[in-house]
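Those protein sequence lines, which keep their order, are chains A and B.
Here the first sequence is numbered in numbering that gives the first Met the number 0, starting from 0 and rising by one per residue.
Here the second sequence is numbered in numbering that gives the first Met the number 0, starting from 0 and rising by one per residue.
If you are wondering where the hints come from, they were derived from the structure by calculation, not from laboratory data.
Just so you know, not all the hints are guaranteed correct.
Copies of the same chain look alike in the list, so a pair counts if it fits in one copy or across any two.
The calculated lysine-lysine pairs, modelled on DSSO-like cross-linking and capped at a C-alpha distance of 27 Å, are [stated by the list, open to error]: (1) K149 to K188; (2) K70 to K204; (3) K1 to K201; (4) K235 to K177; (5) K2 to K201; (6) K177 to K72; (7) K177 to K204; (8) K2 to K72.
2 protein chains.
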Amino acid sequence: MKKLYLISTGPGDLACLAPLARLALQQCDDIVGYGLYIDLLNELVNNIQQHDLPLGQEIERARLALDLAAKGKVTGLISSGDIGIYAMATLVFELLDYENKPEWQDIEIEVIPGISALQMLASRVGAPLAHDFCTISLSDLLTPWETIEKRIHAAGQGDFVVSFYNPVSRKRRWQLEKAKQILLDYKPKDTPVMIGRNLSRKTEKIHITTLENLDIEQVDMLTLVMVGNQETRVIKDTQYVYTPRGYRGKQ
Amino acid sequence: MKKLYLISTGPGDLACLAPLARLALQQCDDIVGYGLYIDLLNELVNNIQQHDLPLGQEIERARLALDLAAKGKVTGLISSGDIGIYAMATLVFELLDYENKPEWQDIEIEVIPGISALQMLASRVGAPLAHDFCTISLSDLLTPWETIEKRIHAAGQGDFVVSFYNPVSRKRRWQLEKAKQILLDYKPKDTPVMIGRNLSRKTEKIHITTLENLDIEQVDMLTLVMVGNQETRVIKDTQYVYTPRGYRGKQ
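Build the full structure now, drawing on both the sequences and the hints.
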């Protein structure tokens, strides 16, 4: 049987990696991924043939994983966070859909979910995701900026808690400032904003501020930015942030 | 030291439970939860004092967990899925915020994230969450229906992939039909809809349909309903569903 695992490796700390992912890795002859994320797996991938393709070669990684599986190698394509959320899984299915090589058709594909950055950040600060939320990627590399801007407006209109993935990159910095200005049309200035960098790793940094004071200079590629809804609160004299579900009004 | 763990137990299958959660359970003298979810933990909680409070007693569960921790018991409050997503964590912080008993103030609280239902369903069908998405709870027990309806409109306007939590209950059935009709104003009739019941358990059922054909009778309390965006596709002759990120247009 031809087998391809799409494996989520979580935010980085191996203590977040579920047995499901470990079992999948144990089955693999070959894994394909970005070197940094392969390295985080340490001894879990010692006996596996590793294929490290650099950033920017996402399509090549997905194609190589399909080709290896087609040759009979049990293959794992790995991605940090949840491989289904802004990550590699969709590329495999897109290739299947449009290139549809005959030798790929009988590959059994199994997706292994994992902890995504928004959950890790939420767990570090309290419970900001306890009510309706959305995620928006600010990268306009593949998505037109007007689509992104439409979604930021919708997030404001619906008063969702918003998590911004890919908030900035080295070359791309104005989008987060623009997103902040749009949300300020809908949300109070003192809406809590949570900033998490290198989540779950030794160099993790968490910072809590307000929408008005969100400083783009504090954000880089490895950062997730989360903006509360109109009810999200920071508990006085603590660093706990939570979004109520409304139990208090009910009592 | 007073310690309270807020522990996510994931969708049900223990293979989804990360070492972080297992380690936290091992520290616990007492755990508080809903019986069904405690039972799913099997041998992991054999030597722990268990406090099983029925559905509807959510505030009591949160208060008991804080009180036990205040007495010096290392305590775990458990919740299925991710305890931070539509679950128990926020209640603990709301009690801390408003009741603020002196004996609670020096409790160290640690939140352990876990796989939420939307990730489990996504992993079962392919990669529907690969681009911007939102979650909306259809329960109007604690949230006014007009707020929920506003969010469904926003989800349509922003063309997010939408996951409906608490889509129906025994007494509450019309909300999902209404949500479907609202989304039909924004999304094509043939937008893929994914329905997952008892995710990751032996009785798991996954069903893929279209927005037009979404049949409310197929949905119950244990079901998650996910609606694609305008680009979400089912791959021909397969049961794979994915939302492209736009790599194809870029090539």
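Hints, verified against the model:
1. Taking the shortest Cα distances, K149 and K188 sit within 27 Å of each other both inside one copy (21 Å) and across copies (22 Å).
2. Taking the shortest alpha-carbon separations for K70 and K204, neither the intra-copy value of 43 Å nor the inter-copy value of 32 Å comes in at or below 27 Å.
3. For the identical chains of this complex, K1 and K201 are inter-copy neighbours only, at 25 Å across copies versus 38 Å inside a copy, given an alpha-carbon limit of 27 Å.
4. For the identical chains of this complex, K235 and K177 are neighbours neither inside a copy (30 Å) nor across copies (39 Å), given an alpha-carbon limit of 27 Å.
5. For the identical chains of this complex, K2 and K201 are inter-copy neighbours only, at 22 Å across copies versus 34 Å inside a copy, given an alpha-carbon limit of 27 Å.
6. In this homomeric assembly, K177 and K72 never come within 27 Å of each other (Cα to Cα): the closest approach is 46 Å inside a single copy and 48 Å across copies.
7. Taking the closest pair of Cα atoms, K177 and K204 come within 27 Å of each other only inside a single copy of the chain (24 Å); across copies the shortest separation is 43 Å, beyond that limit.
8. Taking the closest pair of Cα atoms, K2 and K72 come within 27 Å of each other only inside a single copy of the chain (7 Å); across copies the shortest separation is 47 Å, beyond that limit.
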